[in-house]
Amino acid sequence: MKKFLLLLIIFCIFGCKKFVVSFEQPTNMKLDNLKLEVLLDKKKVQEINLKATNAMPAYETVALSVSDAGKHQLQVKVRDTIFNYDIKYPEEKYIMVTAHLKENGKIHIGILKQAYKYRFH
Numbered sequence: 001m002k003k004f005l006l007l008l009i010i011f012c013i014f015g016c017k018k019f020v021v022s023f024e025q026p027t028n029m030k031l032d033n034l035k036l037e038v039l040l041d042k043k044k045v046q047e048i049n050l051k052a053t054n055a056m057p058a059y060e061t062v063a064l065s066v067s068d069a070g071k072h073q074l075q076v077k078v079r080d081t082i083f084n085y086d087i088k089y090p091e092e093k094y095i096m097v098t099a100h101l102k103e104n105g106k107i108h109i110g111i112l113k114q115a116y117k118y119r120f121h
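Heads up: the sequence shown begins at 1 in my numbering, then just goes up one per residue.
In short, the hints are calculated from the structure, not lab data. In this text, a Cβ means the ideal position worked out from N, Cα and C, and glycines have one as well. Nothing false has been slipped in among the hints.
List time: in silico DSSO-like cross-link candidates among lysine-lysine, alpha-carbon distance up to 30 angstroms: (1) LYS93 / LYS77; (2) LYS88 / LYS17; (3) LYS18 / LYS42; (4) LYS44 / LYS106; (5) LYS117 / LYS51; (6) LYS77 / LYS102; (7) LYS71 / LYS35; (8) LYS42 / LYS102; (9) LYS43 / LYS18; (10) LYS42 / LYS113; (11) LYS113 / LYS71; (12) LYS93 / LYS71; (13) LYS43 / LYS77; (14) LYS88 / LYS42; (15) LYS17 / LYS43; (16) LYS102 / LYS88; (17) LYS18 / LYS35.
Across the chosen pairs, the derived CB separations fall in these ranges: (18) GLN73 / ALA115: 15 to 25 angstroms; (19) ALA69 / ASN104: 31 to 41 angstroms; (20) ALA69 / GLU103: 31 to 41 angstroms; (21) LYS71 / GLY105: 28 to 38 angstroms; (22) ASN54 / ALA115: 26 to 36 angstroms; (23) ALA55 / ARG119: 12 to 22 angstroms.
Turn these sequences into a full structure, and let the hints guide you.
Have a look at this one:
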């Protein structure tokens, strides 16, 4: 039994390649309860409801599996607009997605990608 648990832990550490996507919760109250649909390679993997806050923004984090090729298309659907981003693992292992409200009232989704973890201060 101990050998099985040890093999399972090793497999999860080395065999399960994942990239991490963090969704910033907005400070703009007009974006409260905004629904984001997250698609990976055109398949819906997550649905996020943004919760606006008056304090510092919070983050909702999702770990998504990586294919053998390591290249994926991340799509974020907001209302009737789809934002497309190409992801290359492991160069872009950690991703932060932020929703912004432009002056004309349209919503824009911004993205930051990097190989190492983000530090929030």
